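Asker: All chains should be built: construct the whole structure from the sequences, respecting the hints.
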Amino acid sequence: MRQVKFILALWKANIQAAMEFRAAFFTQVIFMMINNGVYFIFWVLYFDKFNAVRGWDINTMMLLFGIAASAWGIGAFFFGNFISLAEVIVGGRLDYYLSLPRPVLLHVLASKSIGSGMGDLIYGIGSFMLSGYFTPDGTLRFLLGVFAGVCIFIGFLVIVQSLSFWLGNTVALSQFALSALLTFSLYPSVLFDATTKFILLTIIPAALIGTIPAEFVREFSWQSAIQMVSGSLVFLFLSIFIFKLGLKRYESGSAIQVEV
Amino acid sequence: MKKYLSILSMQIINNIAYPGDFLGRSISIATFIFIFAGLWGTTFMIANTDVINGLTFPNMVWYFMMAETLELGRPRINRTISEQVKNGEVAYILNKPYNFLLYHFSAGLGDGAVRMTLNLIVGSIVAWILAGAPPPLLGWLMAFVTLIGAWILHFCFMALIGLAAFVVEETNSFELIYQKLVFILGGFLFPIDMFPTWLQNISYALPFPYMMYAPARLFVKPDVDLFWRMLGGQVFWVAVFVFLLAFVYQRSEKYLTVNGG
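The listed protein sequences derive, respectively, from chains A and B.
Just so we're aligned, residue 4 is where the first sequence starts under this note's numbering, counting upward by one.
Just so we're aligned, residue 277 is where the second sequence starts under this note's numbering, counting upward by one.
Just so you know, the hints here were simulated from the structure itself, not pulled from any lab data.
Treat the hints with care, as some may be off.
[Stated by the list, open to error] Some chain B residues near chain A, calculated using beta-carbon distances under 7 Å:
#1 Ile-303
#2 Thr-307
#3 Thr-318
#4 Glu-445
#5 Ile-453
[What the hints assert, rightly or not] Distance condition first, Cα-Cα at most 30 Å in a straight line; then the derived DSS-like pairs of lysine-lysine:
#6 B:Lys-530 / B:Lys-278
#7 B:Lys-362 / B:Lys-372
#8 B:Lys-530 / B:Lys-362
#9 A:Lys-52 / B:Lys-497
#10 A:Lys-15 / A:Lys-247
#11 A:Lys-15 / B:Lys-362
All values reported here derive from a predicted model rather than from experimental measurement.
Even glycine gets a Cβ: it sits at the ideal position worked out from N, Cα and C.
Answerer: This is the structure in structure tokens:
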């Protein structure tokens, strides 16, 4: 309960900060929605020409985009530092969080909010509503899929960026991991062979963010549910474990930092 | 001219100073080509054909390799300019004995030359493994010539977006929209040959195909008529945007307020 109050206070502070520059915030939100919409034109053109690929059509793609965009949006807006954790570690900026009596990882992640994430979230919900799967049970499955997506996005990127504790600067590696995860999650894994599918379920768990939740929303199956739930729990707990392990090796540069 | 060459060479040295980062960037192109080859391999198989709108599967993979080389190598100077405008650094640069835009042009070219070369090497290896031998020499030549015009057009757009920081706080959103317009109307994700006719007409009336489709398409299917058409289009759009950029830059200087310090 104490941690819930803490995180709600952080989110409130982030929203208040965004509202200080509300014109810039709303510009980011609107432009991100337009950006996603323009990107989706590719699939409109593709399915206009080829109708369907291995059971995937334009509606399924809207569903996949809905889940992936919502998951990314929630991560970016509410836990914005999950994409810049390596920079925080390498820059010695953990000192500030370590000196406070709150869970370090949670505090770091929720201390930053990326305004455009709200645009992704709104776009994702809109895309889901237009996909043809917007039914009461479909919505429940969508929410579960998005939740799993958030856990995997955050868990996977925290693991990769925590390598900075051992390897030093992993900003380039983290950017690659982010780019690969995001790109693969926006393509149905039916396009790839068995080996690649296995990679997309494990090493780069993009299928657990896009394809599996989309198939789960289309039709309930225990297999998809177990894959999603177990995958998200494994990545989440593994990320906490690895971050804590790495934290023991953290060395401060004693630099004077100002956290805003 | 000598000072701009020095800026260019300095940027090249900066880029190769960190080999890990340098190689890390090149892995991205391998990933993207792999995904794209998966998509089009499956599409050709399901369509049960070797040719779609005049392009074969190897054509598609090599097309994407060239397009991705340009996309990942294009200058991101909008972010630098925008930051310099917002944090006031621009005031220190303006009093230096070089032209602000030519400085960024040289720095961006140094940056882009290294990135594009590396992307071309890594991308070619991956494309060769996935789709077989590369296009003929004429394709490489036509692509190289049109890459120059494409790169200058990208530079003009990026500089215009960066200079927008003089009037608006947030410019990253403009870059995202610009990028997606190039992705779609420039034929990055989907070659223009596959568009419906009405969209092809819209696309050709805009500068985007000359920034992406031109080098990629000429690379895989060298065609003399298309080459001159694309080159003509590039010359026209470069003239338009260089003029526009010079005009916007002049106006932007008037917006500049320096508070000392």
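Asker: What hint numbers does the structure not satisfy?
Answerer: As far as the earlier hints go, not one is violated by this structure.
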